[in-house]
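Top to bottom, those sequences are chains A and B.
Per our numbering, the first sequence starts with residue 1, numbered consecutively.
Per our numbering, the second sequence starts with residue 1, numbered consecutively.
In short, the hints are calculated from the structure, not lab data.
Any given hint could be a false lead.
Unchecked claim - Restraint ranges, calculated between C-beta atoms of paired labels, are given here:
id	chain 1	residue 1	chain 2	residue 2	range
1	B	A72	A	K223	47 to 53 Å
2	B	K20	A	K223	48 to 54 Å
3	B	E80	A	I27	37 to 43 Å
4	A	G211	B	Q118	49 to 55 Å
5	B	S204	A	Y226	24 to 30 Å
6	B	S204	A	I57	42 to 48 Å
7	B	G77	A	G203	57 to 63 Å
8	B	K193	A	I27	31 to 37 Å
9	A	P160	B	E80	38 to 44 Å
10	B	K124	A	Y226	38 to 44 Å
What the hints assert, rightly or not - What the simulated footprint calls covered on chain B by chain A, stretch by stretch (three residues with Cβ under 8 Å from a Cβ of chain A suffice, anywhere in the stretch; the number is not a length):
id	region
11	165 to 175
12	250 to 260
Note that CB positions come from ideal geometry on N, CA and C, so glycine has one too.
This is what each chain is made of:
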Amino acid sequence: MGEFLQVTSQLLEGFSTSVMLFILTLIIALPLGLIISFCTISKFAPLRIFFKVIVWILRGTPLMLQIFVIFYLPGLLNLFVWPTMDTGWAWFDRTITTRFIAALVAFSINYAAYFSEIYRGGIESISKGQFEAGQVLGMTKTQIFFKVVLLQVIKRIIPPMSNEIITLIKDTALANFISVLDILYWAKDFMLDGLIWPLFYAGAFYLVFVGLLTIIFNRVEKKLSYFRV
Amino acid sequence: MAYLEIKDFYKSFGEVEVLKGINLDIKKGEVVTIIGSSGSGKTTLLRCINFLETPDVGEMILDGENLFSSSADKKDGEKELRDKRLNFGLVFQSFNLFPQYNVLDNITLAPTLLIKEQAETYKKELKEKVELNRAEIKKAVAEFIQNKKEEIAKAGKELLEMVDLVEKEKAYPCELSGGQSQRVAIARALALKPKILCFDEPTSALDPELTGEVLKVIKSLKKKDRTMIIVTHEMGFAKNVSDKVVFMADGVVEEMGKPKEIFENPQSEKLKVFLSSITNKDGE
Ligand SMILES: Nc1ncnc2c1ncn2[C@@H]1O[C@H](COP(=O)(O)OP(=O)(O)OP(=O)(O)O)[C@@H](O)[C@H]1O
Ligand SMILES: [Mg+2]
Chain A
1 MGEFLQVTSQ
11 LLEGFSTSVM
21 LFILTLIIAL
31 PLGLIISFCT
41 ISKFAPLRIF
51 FKVIVWILRG
61 TPLMLQIFVI
71 FYLPGLLNLF
81 VWPTMDTGWA
91 WFDRTITTRF
101 IAALVAFSIN
111 YAAYFSEIYR
121 GGIESISKGQ
131 FEAGQVLGMT
141 KTQIFFKVVL
151 LQVIKRIIPP
161 MSNEIITLIK
171 DTALANFISV
181 LDILYWAKDF
191 MLDGLIWPLF
201 YAGAFYLVFV
211 GLLTIIFNRV
221 EKKLSYFRV
Chain B
1 MAYLEIKDFY
11 KSFGEVEVLK
21 GINLDIKKGE
31 VVTIIGSSGS
41 GKTTLLRCIN
51 FLETPDVGEM
61 ILDGENLFSS
71 SADKKDGEKE
81 LRDKRLNFGL
91 VFQSFNLFPQ
101 YNVLDNITLA
111 PTLLIKEQAE
121 TYKKELKEKV
131 ELNRAEIKKA
141 VAEFIQNKKE
151 EIAKAGKELL
161 EMVDLVEKEK
171 AYPCELSGGQ
181 SQRVAIARAL
191 ALKPKILCFD
201 EPTSALDPEL
211 TGEVLKVIKS
221 LKKKDRTMII
231 VTHEMGFAKN
241 VSDKVVFMAD
251 GVVEEMGKPK
261 EIFENPQSEK
271 LKVFLSSITN
281 KDGE
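All chains, please: the whole structure from these sequences, using the hints.
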C-alpha cells in the first residue's frame, strides 16, 4: 500500500508537469495559430509565402526533432544557453525548469502551425455571402470577423480542434526526451527499479484526462448546436 | 430629376468584360426591375451599386452627391466606403442571414454596431456646442446610447410586423423556411434605412409556393414609395410591380421602358428572343 501511495504521488507530480505543459501550450498556441492563419491567407504575397513555408516545415518534420533543435541548437551555435530558472516560487521551482521552457517553446510553435491550418480551413469554409452581408450592412472588417464569422468558425473547427488537442496531451510525453520530469519520466524511473505496473497506471492518467476532454468538447459542441453553419 | 444616376459603368474580370457601358437613371420612389439572361451582368451591376465591386470606369450620383467616380484621384478608405454603402441595401438570393443570431438580433445587429460611432460624434458635438462638465457629458452620452438602443429594438419589432414574422422573433435562421428567411433578410436591410433597396433574385432560391409571400412584402414596400432596384426572373412580378423595366444583354442596357412597352411591344431582337424563351420555359 505504501508503495502504491508513493507511486501515485510521484506520478501525480509528473502528470501535473504534463498538464502544465499542455495548458501553457494551448494558451500560447491557440492565439498564435490564429495570427499565423491570418498571415497564410493574407493578400500580401511575401508574408503569405513565408508563413506557408514555416507551417510546412513545422508540420512536415517530427516534433521530437523540433524539440531537440530548440533545446540544443542555441547552445551549439553559441547563441545562448537556456537560462536556469529560479523563480522563487516553491511550486514552480519543481515543475518549471529551463528544459520545460524549451519544450514549451517547441510545442507552442509546432501546435500553432497545426492550429493555424485548422483556423484557415474554418475561415475559408465560411461562405463569402456572410462577409458580404456584413459589408452591405456597413460593418467594419473587425466587426464582421468578431461578430459574424468567429463563432461560425469555432463551431466548424471544434471536431478537428478536439482531435488535435487530445493529441497534444499525449504528445507532451515527448518532452521527457529532453528530461522534462513529466509523468512518463517517473513511470520509466519506476520501471528501471523493476516496477512494471506504474507504466499502465500512467496510461490510466492519460485515459482519464482524455475522457474529461472528450466530455468538455461534447458539451461545447452541444452548446453551439442551436445554429447551423 | 433623377435620384440615382449611373453613368457609363464598365467592369471587367480579367479578360471578361462584364459591364460595357451601363447608363441608368432612377427617380425617387421608383421601382425598377432588371431582367435579362444569365450572365448578362445583372448581379455585377447590383454589386457595383452596393460597392461590393468597383467599376473600372463610371460615375454614380445619388441625390446630387457624387458617390463614385472612376476618375477621382483618391480611392475611398474603408470608412468612406462603409458610409457610402449605407445609402443602399442589398437583399441576396441566398439570404445570408447570420446563423448564430435569432431573427430579431439579425435585424438589430448592424444598427446596434453603428451606435458606438454615432455616440462618438454626438460627444464631439456636445463638447463643441455647450458648456458641460465631464460628468454631464458622460451622462448625456449614456442617455443617447440608451435611447438609440430602445429606438433600434422598437424599429426591429415594427419591421418584424411588417414582414409578418412577429411570432418568429426568437427563432434562429435554421428554423425558418426559405420564404421566412428572405423576409427577415428584407427586414434586416430595411433596419438601416437605406435610400435605395436592391434585390438580387430574391425568390430564385425559394420553392415556388414560397415566392408569393416574399413578393407580397416587396409589393407592400412599393406602396410606401420605397426606391427599389430588383433583379428578377419572375416576369409576372416584374410586369406587376415595376415602374420601369430594364432589359440587360451582354453587359449593356439593351432596352428600357414601362412594363407594358417591354413585355407587350418589345423592340429589340434580343428582347424578343429573351421573352419568347421565358414563355416557352414556363410552358405558356
Ligand atoms: N468575381 C468574378 N470573377 C470573374 N468573373 C465573374 C465574377 N463575377 C461575375 N463574373 C462573370 O461575369 C458575368 C456576368 O455575371 P453576373 O453574375 O453579373 O450575371 P447575371 O446577369 O447576374 O447572371 P444570372 O442571371 O445567372 O445571375 C458571368 O460571365 C460571370 O462568370
Ligand atoms: Mg445574378
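Go ahead and decide if the range 24 to 30 Å is satisfied by the Cβ distance of S204 (chain B) to Y226 (chain A). 28 Å, holds
Does the Cβ pair E80 (chain B), I27 (chain A) satisfy 37 to 43 Å? 39 Å, holds
Claimed coverage, the region 165 to 175 of chain B by chain A - three or more beta carbons nearer than 8 Å: holds (count 3)
Holds or violated: 49 to 55 Å for the Cβ distance of G211 (chain A) and Q118 (chain B)? Since G211 (chain A) and Q118 (chain B) have Cβ atoms about 50 Å apart, the given range 49 to 55 Å holds.
Could you see if the CB distance from G77 (chain B) to G203 (chain A) stays within 57 to 63 Å? 59 Å, holds
Falls inside 38 to 44 Å, the C-beta gap from K124 (chain B) to Y226 (chain A)? 40 Å, holds
8 Å C-beta test of the region 250 to 260 of chain B against chain A, three or more residues: Our answer is that it is violated, as 0 residues pass the Cβ test (under 8 Å) against chain A, missing three.
48 to 54 Å was suggested as the range; check whether the CB atoms of K20 (chain B) and K223 (chain A) agree with it. 51 Å, holds
Quick check: does the Cβ-Cβ distance between A72 (chain B) and K223 (chain A) fall within 47 to 53 Å? 49 Å, holds
Determine whether the Cβ-Cβ distance between K193 (chain B) and I27 (chain A) falls within the hinted range of 31 to 37 Å. 44 Å, violated
P160 (chain A) paired with E80 (chain B), Cβ distance criterion 38 to 44 Å: 39 Å, holds
Should the hint that S204 (chain B) and I57 (chain A) are 42 to 48 Å apart at their CB atoms be regarded as holding? 47 Å, holds
Violated hints, listed in ascending order, are 8, 12; each of the other numbered hints is respected by the structure.
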